[in-house]
Each structure stands twice: as structure tokens, then as C-alpha cells.
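2 protein chains.
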Amino acid sequence: MTNNLSKLIEAARGEKESDLLLTNGKIINVFSGDVQNNSIAVSSGYIVGFGDYPAKKTIDLKGQFVSPGFIDAHVHIESSMTCISEYAGAVICHGTTTVVADPHEIANVLGIQGLLYMMESSKNQLLNVYFTLPSCVPATDMETSGAILTSKDIEAFMGHEKIVGLGEMMNFPGVLFRNKEVLAKINAAKKFKKPVDGHSPGLSGRDLYAYLAAGISSDHECNEESEAREKLMAGMHVMIREGTAARNLHALIPLINDRNVSRLMWCTDDRHPHELINEGSIDAIVREAIRSGVDPINAIKMATISAADYFGLNDVGAIAPGRRADLVIFEDMNCPEADMVFSFGRLIVKDGQMLSQIHSPSQVDIRPSMNVDLSSLDFSIPAEGKYARVIEIVPNQIITRQIIVEPSIKNNLALSDVSRDILKIAVVERHKKTGNIGKGFVRGLGLKRGAIASSVAHDSHNVIVAGVDDSDMLTAVHALVRMGGGLVVACDNKIISSVGLPIAGLMSVDTVESVRDKLDDLIAFCHDLGTTLKDPFMTLSFLALPVIPDLKLTDRGLVDVGQFGFVSLFVS
Amino acid sequence: MTNNLSKLIEAARGEKESDLLLTNGKIINVFSGDVQNNSIAVSSGYIVGFGDYPAKKTIDLKGQFVSPGFIDAHVHIESSMTCISEYAGAVICHGTTTVVADPHEIANVLGIQGLLYMMESSKNQLLNVYFTLPSCVPATDMETSGAILTSKDIEAFMGHEKIVGLGEMMNFPGVLFRNKEVLAKINAAKKFKKPVDGHSPGLSGRDLYAYLAAGISSDHECNEESEAREKLMAGMHVMIREGTAARNLHALIPLINDRNVSRLMWCTDDRHPHELINEGSIDAIVREAIRSGVDPINAIKMATISAADYFGLNDVGAIAPGRRADLVIFEDMNCPEADMVFSFGRLIVKDGQMLSQIHSPSQVDIRPSMNVDLSSLDFSIPAEGKYARVIEIVPNQIITRQIIVEPSIKNNLALSDVSRDILKIAVVERHKKTGNIGKGFVRGLGLKRGAIASSVAHDSHNVIVAGVDDSDMLTAVHALVRMGGGLVVACDNKIISSVGLPIAGLMSVDTVESVRDKLDDLIAFCHDLGTTLKDPFMTLSFLALPVIPDLKLTDRGLVDVGQFGFVSLFVS
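Those sequence lines, one after another, are chains A and B. Start counting the first sequence at 1; every next residue gets the next number (the working numbering). Start counting the second sequence at 1; every next residue gets the next number (the working numbering).
Okay, chain A solo, but in the shape it has when bound (with noise of 0.2 Å):
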């Protein structure tokens, strides 16, 4: 490290020349608020200093801004269903050269290993990764996940200088019936100064008091601007989310002001290849702040320096000597969208484009993660009362509702009926061949043919399938474990369409283009089929989540989210 400084020190002072100095850029300053011409030096891929240097290469930045690289405050990678090298890529184009991952999902199917292989696949990219150790793998024990994190896993890893603190706590009331073991995880965090996430949709009052006191101190979950701005007074920093599925940002902009900013920041938590690629990551966020009326020296330090010192990372989110040259340059400041992007002092994207090969992940080995004895699956359900409970899904939202339903019945067996969209769904234990097998209805689904299954079912990652009749059930799973784990929707005994996840059962060897078109083509096979919902796998990968009202399937039977336990599927 004393070698680093001095090779710092020395080029800060001009002994020597820089490596690159970029000249002619509005520099906008995070710390005082200010936009000023100026260019800034670089050496060993940090910034150094500002003014006229020597230097061996200069770029001539044209009056463009410059602004620090973004930040995301949370996200779970495994969303984009890539491997890191290519979220990397298709984030930092955008100019996002930070992220906060918490590598949760695939926790819960590969544990530690998982954990390690995100960690070690993250190394020597041009992204900046940073993770926040999972809180709760598994999410219940009304499933079977593929591992267990325990509070001495926890601690035994975040010391790690990777680690910025513990990932979202998803188990409030855990925190507030004082479970011991998630108390230790919290105790584990602090013990190293590191923050606590939170995820408290709806906390208020005395309830979010106690989840304060036990010191969490964030929460992307906020819905209304009331909720934010009770969350904001009680303490917590607060990350405006704009995932894919999950967008917070209109209702909390009239939150966003001078006085508070430091205390507010972006995240995306889960964003697919789609928007990735067409949208944007932080950068889209940002534009959409400004052009909603959000101060863009604000929308700014939401996207860069609250971040960093929310999470003590003293080398990223403002242009200021020592700091890392992660930078984006762009035309307009009402409208920033990336011209040049440099990671660590490398120029990496130009016009809007890569120039850089994308790092691949480091080769990490990762076993299989389909564990299923495809000989005794069964989809059949014998009729064992006359009224079933049926998941009723409520378009674009995570929620379910609850409805009791009259099934088709013939021959003793209980039956998809298309005429009423109530079709099979069925959850299989995907880890540990437990031979596991949760059955029951859902409404909403819209398929008047075929099925759709998926290896990615939050949070325990089982293989969720829902289709009109067993065979293409079954044509289904067998694909998919085949596949290794993915997507895939057959019809009349055939795969029609499939993507292929074979990292946990979560994430693709392709690249980010390549898999964003493949969904594309498997969302339009869906529609084909007769569903309206915009995407039915995003839709179907929650109705698993044990932790969401109201009704669920997990490996393990029916769950009745309010009651938090178990209900059998005939009512009668």
C-alpha cells in the first residue's frame, strides 16, 4: 500500500506524468454542488489531481460533462440472468460503475459456494462489485432452499474487504420477536461497523422504531412518500427503487430536496436483460428523476456519493484525488446519458459504445444445481374434497389473492379447466432429490395450451411449472432439468421455446443481447399460448414466495401467507 500512495503522492504533485489527462469537461462536484471546467489527471487508475499535468495521453472531453460513476445501491445480479461479466457490461455502458449486489438468490441454492462463485467471478472486472452478505437464506421453513446461511456464516465472512455490510432484512418480524440467530446476523454486522440493509415495506410506528433500534439503517422498499419520509425521520437512509417489475421513483420524487439528499440514493434491486439493455440501469433512473422535476446535482449525488458514504466506500462516488476514476461523460446535464464511461482510468465505453472486451468471469468451478429424480415426478392430484383453494394472481403485482373454487374432477383426479383459466401448478424440490412436490390451481395465467416452467422461483429457486395438462407438465420439467435449469414453455409434448440457466439454475453462459432476445421470443411463445400477462415467469417466480399474501405454493404444500403456515388444498 505504501507503494501505491507514493505512486499517488508523486503524480498528484506532478513529479511525474500522469497516465491520462482529460481536459475540457464540467466536472461536476458531488461535495459542494458546483459544475466547473476543468480537467482532471489520472495515474495508476485514480484520479489525482485537477488542473494542467504532465500527462502520456490527454482525451479532450469538448465541454461534455463529467460526472462520477454510478452507483447501485442494491441489486441481486442474478435478476439480469447473466453471469456478472455481462451485467458488468451491460450496466457500466450506462455508466453505473459500482454495485452493491447482495447475491441472495443464488444463496439459496448454492450457500457459500454460491456466494464464492459471485464473489470470485467478480474479480478483475471493469465493474466495482461490492456484496452485502444474505440475511435470509432461506426466506422460511415452509420450503426447501438449496443451503442454509447461518449468523456463523455470516460472521465468518464479513470481514471481507468485498463485503460492505448485511443484505436486505427481509425477516422483520424475526427482528421484532427478537429471533436470536437473526439478532447474531445483525450483531455479526456490527461487530465490523458494517451496515444493515433493511426491507420493510409498510413498517410504521412503534414496529419500525424496534427495527431501527436493533440498527438496520436502510430501506428500498417504500411505496408512498409518507412511508419514505417516516422512514427518512426515523433514521434510515432511504434507496429509491426502479426495478423492472418494482418502481418507486414517481411516488417518492416530492421527498427528494437539498437538506435530505444525503440521506436518499438509487438502487434497481432486480432489473431483466430487457430493460438493462433498453433502458438503462441507475443512468435511466436518474434521467427519469430529472425529467420529473429532481434538481440534477441532486439526482447525481443520489446516484453517486450518498451511496459511497452510506456504505464507507471513501474510494468511489465523487471526482476528487484518491478517489477511483470511474467517470461518466455525457452532453446534457438535464439528460445524462453515457458519451464516455471510464472505469478505473480507462476509457471503456466511447459513443455510447464498449470498446473494451468484457472480462470474462474468472473460470469458477460451480456443481449442477438440479437435483431431480425425473422418474417419480407426477402431477396428478386426487380429488380429496369438492372446494380447492386457488391462487388468484393479480396482474403485475406480487401479491396473490386467495379464491375457493369448485375444480374439474374426472376420474377421481382434479383437473386444469381452461374455460375458467384455472390451471395446474406444481413446485418440485430442485436441491436435495427430497422427491418434494407442492400441487394446487392458479388463476390469471391466461394459457389455454401447453406449460410454462421455471428454475427461478424466489427464494428458495424450486422449479415452479403451471400448465393445462400433466403431459406437458411433465415435457416441461424434463427439459429443464435436462437444461441444467432455465426457462421453458412446451406444448403438445414439444419444447417451444426455452432459455437455458445453467448457474444455479438462475443465470446464462450467454451473452446479455443473446438472452435478452431469447426471453423476448419466450414471453412471445406465452402470449402465443393465450396468457395477456406481460411477462408470465416474472409473474409465476413469485407465486413461490411464502413471504408475499396472500396464497402461495412452496415445495411443501399450500401456504397462507397471513396465517404464515400451511393449508391443504381442499377445503371440503
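If you're looking for bench data, these hints aren't it; they were derived computationally from the structure. Hints should not be assumed to be uniformly reliable.
If several chains are the same, the list does not tell them apart, and a pair holds so long as it fits within one copy or across any two.
List of simulated lysine to aspartate or glutamate pairs, EDC-like, C-alpha gap at most 16 Å [what the hints assert, rightly or not]: (1) K432 / D60; (2) K180 / D315; (3) K433 / E331; (4) K386 / D258; (5) K194 / E161; (6) K191 / E161; (7) K62 / E230; (8) K7 / D207; (9) K152 / E279; (10) K26 / E331; (11) K190 / E288; (12) K180 / E10; (13) K190 / D315; (14) K62 / D339; (15) K193 / D19; (16) K7 / D517; (17) K152 / E230; (18) K16 / D207; (19) K56 / E181; (20) K494 / D34; (21) K191 / D315; (22) K193 / E161.
With chain A's structure known, arrange chain B on it following the hints.
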């Protein structure tokens, strides 16, 4: 820790009675900048919630304002010339509940033992005392200090929970010229992710950038707004200092605004008992700032959350669940003068008066620090030339000028000359009995009779003495050494006033009021002897500091600070 968290959560949920409910307060919210009428529930010393709560005790705040307790971001407690418990009492009744102390003075005398003494005696105080590790002990190698703190020492202590950073890096040439030991100290702080405080008066441009590139992140030595603005924009947190001597508030007020206030904070650096008692601590700065036009909320943010965030102190600096119930209650938002103060949930100041007995410091052993062979003391100056370099005092500043003077000579000895205000001055090494005595002349002290001596002499704190004749100088130093350190005024071979400072020759064991009264008397006696300086002892204490221009005297001789080297007393 789990147990503590459990208790707080329980209280926050209102499942058990809180210890205290403060009703009817106007609560200053430093996150949003709002003021809200509400109640505050306190349990186990921490804030647990707002609104109505079951509580063992209720205190009606009668509509007064409630601010988080104030934080002094940088202070040398030794400058109060009292021990920590007395200092704590003096500041806490003015609303300062947390200080970040740099035990730089005592470390120069006693090294690690001094540091441990301060840490030990700050335990169980009502005041929340954190420390930065002194980075520059000794300040230079041109003087004999009592101890050396190496980078290994720094690294060994850096992990301690009460250590929040590396103290002011005064040795900026050492940074700029990449002194290995200096960089090793900085890297020790980086290793523990703790900030490095700066001290860089006038540093600008490339040298400032180099200082920042080295990882130094604050400064409290800005004299001009332009200087502070440059430092702020380059990435420094700016501490605005109002000490007894150095006062920068008025010059820097134009800097402060809503957008940068999170990067600004207050500090006292050095305050003597007189100002601490009669004027106040951080509260005095807040009042003066508001009086001078700073928005009250911003002035309070600088006194609270800005400092807490900078040092990563997540349990102070705001009124929020999970933070210490350190609170200041006052009537007038435009003139915050503590009516009540709560420390860790305990009411300790009421009607502006201390209620609680000040905690005594734990009985901490500390070795005597006066190590001088009195028998060999000799202040005579053989006349080795016709002209001599003389230190010329600049009234009320710590810089000096160098002038060349023809001294009075008698029997081949150079003597004081009252008619021209040229007095003898000497620095007697007092740590290692080396017998070192630096001798010279000073103009501007103004004594017509007698001598004054002090064991407070920055930064090595040898004994400094100045006077009209050798005999009174000897009388003063003999008395001072026998007292175990302190401040002495002698005349006609008698001690006419003194303050004993037996703790390292820097601090008294008396009450802060008693020390103030004695100091007031001591200075009055100096005025009787002819000086017109406001505080001749303060002036004297900086005449041995060879890092402040122009001419200074150490135990090893005269130092030309511009040349950073020794020069002879006689020039021909």
C-alpha cells in the same frame, strides 16, 4: 450484544416500560431538517421511539427545542489544563456530549502511557470520548520529546473501538515527500477503514491534491473562505475551528449552505478553561454562527450528524431509535443555550446547572514527567558575536518573525535588555535529563521584571522560560520542576503565582473553575510585571514549536522554520 438489542427492540415496541419519556419537545430532525412536536422514549440509555410510550418516568420539556448532543470533532483536551473528568463537566453542561480527542500533547510527553492514561480516565464519564491516534509524535526531530509513536504503535492501537481515526497529520512535508513512516501510519488507518485527519494550513493546488491522494480526509486549519472552498471541493471534510486562540468561524461562514453542510463540522481544537466556562464549547460556536446568519438547522447539523457521519459514529449525532439519548434542550432555536442536557438517557444538567456529581477519572497511575538535573542549569549566554537572531513575537498569533539585534553584552555575556524589550528565553529539556538547554532572545513579551516559565510548550512540552535575569529564570524553573510541572511567575527570586500541572506537566488535578481562577490570577501577575500580551503563557507555549514560522527555539537550539534547520544564535 444480542441481549442489548433485544431490550431495545422490546422497549421500542412498547412491550415493556421505557425508562424515560420526554414529552412536549420540539424535536430537531437532522435528517430532514424539520422540527416536530413529539415525545421521545428512552430505554437503557438509548432512544427507542417517538410518540406516546409507557414509561417509568416522564419529563415535560415544555415546548423547548431538543437537539442531538453536540460533537466536538477535534479537540486537545490537554489544552483545558484539566483532567478528563473536569473537562467533561465543563463542556457537557454546555451541551457537548461527544468529543473526538487527539491526545497529542500528552503523547509527546508520555507516549503510549499518555494515550492509555487518557483512554483509561475517559471511561465511565458522562462525556462520550473518542480518540484519534496522534500521528506526529514528535512533531519534528529538531527537539527532544518524551516519546516517539511509531507506525507500529499506531497500527497496534488502531483497531480499538474508541479510536476513530488517525489524528491531524501535521507533517504534510512528510506526506508530500513520501516519508515511509508517515505513509505507514496512514496505511494503518486505511487498513482499519478509519479516517485520517489533516492539518494543512494554506496547502493548495497540487500539494493539496497529493495530500488528499494520500488518503487524508479532513482539515481544521482553514483561515480563508477560498482555502476552505478549495479543500471542500477537492474532497476534504472541513472542520471549522473556534478555539481560544485560533478563530476561523467568521472567515468561513460564507462557505456554509444546505448543499455542503454534510461535509462541514465544528471543532474547538484548543480551548482554555476561561473560554470553556465563560463562553462555552461547541454551543458557543453554534450560537455565534446563527447570530452571524447561518441557518440554525445547518449550524446544528454541523454540530451533530455531520461529525458523527464523518467518524462513522452511528450511535450519536441524531435523535433516532438506536442512538444514544444524548440530548440538549434549549428555549431559543436562534440562541441554543443548554437548559437541560441528557447523557446516555440521564438528566445531568437542569436550568443550565450540573445535577450529577462529575465522575472522577478511574484511578490511573501516571509517572512523573519532570526529569531535569537542576544543579547544572545555567542560563548564561556567552557573547559569541556582535549580532544575534531574536525571535520577534507577533501579538496574538503563533507565528513569529526573525530580527537581527545587537544584544547588550557585559563581561562577555549577552544579557536581557528591558529598555528594548529583548529578553532571554530558554528551553530546558525535561524528559530524559539530557541537560539540553536551547537559549536565545525574544522581543515582544514585554516583561519589565521577573520571569515566566511553563512546562506547556508545544509540541514536545519541554520547559520554556523567559525573563529579565538569570536568577528569576532559575527561580521559576526550580519551582516548576519541584511542582512536577506547571506555569510559574517569579520575581525578585520569589514565586509570585503558579498553577501546578502534575499530569504530564500539562494538566491539573484541580477543578476546572479553580484552574480558571488561578490562570486568571497568573495572567494578571504577568500584566503587573509589564507584559501587554493578552495571554503571555499561550504565546510562550508556541515559541518552541518548530513547525510554525519563522524563528523558534527548542531544547536543541534555534530553528529557522523556513529552512527547517538549526541556525546559530549569533550571526557574526
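Here is how each hint holds up against the structure:
1. K432 / D60: Answer is neither: 58 Å inside a copy and 60 Å across each miss the 16 Å cutoff.
2. K180 / D315: Classified as neither; 35 Å inside a copy, 22 Å across copies.
3. K433 / E331: neither (55 Å within a copy, 69 Å between copies)
4. K386 / D258: So K386 and D258 fail the 16 Å test inside a copy (60 Å) and across (66 Å) alike.
5. K194 / E161: both (11 Å within a copy, 14 Å between copies)
6. K191 / E161: For K191 and E161, the Cα distance is within 16 Å both inside one copy (14 Å) and across copies (10 Å).
7. K62 / E230: Neither way: K62 and E230 sit 44 Å apart in one copy and 24 Å across, limit 16 Å.
8. K7 / D207: between (51 Å within a copy, 14 Å between copies)
9. K152 / E279: neither (40 Å within a copy, 52 Å between copies)
10. K26 / E331: Classified as within; 10 Å inside a copy, 46 Å across copies.
11. K190 / E288: Answer is neither; intra-copy 35 Å and inter-copy 37 Å both fail.
12. K180 / E10: Between copies, since 14 Å is at most 16 Å while 51 Å is not.
13. K190 / D315: between (22 Å within a copy, 11 Å between copies)
14. K62 / D339: Within. Shortest intra-copy distance 12 Å satisfies the 16 Å Cα cut-off; inter-copy 58 Å does not.
15. K193 / D19: neither (35 Å within a copy, 27 Å between copies)
16. K7 / D517: Neither: 46 Å inside a chain and 53 Å across chains, both beyond 16 Å.
17. K152 / E230: Neither. Shortest intra-copy (33 Å) and inter-copy (46 Å) distances fail the 16 Å Cα cut-off.
18. K16 / D207: between (58 Å within a copy, 14 Å between copies)
19. K56 / E181: neither (55 Å within a copy, 31 Å between copies)
20. K494 / D34: So K494 and D34 fail the 16 Å test inside a copy (61 Å) and across (63 Å) alike.
21. K191 / D315: between (23 Å within a copy, 14 Å between copies)
22. K193 / E161: both (12 Å within a copy, 10 Å between copies)
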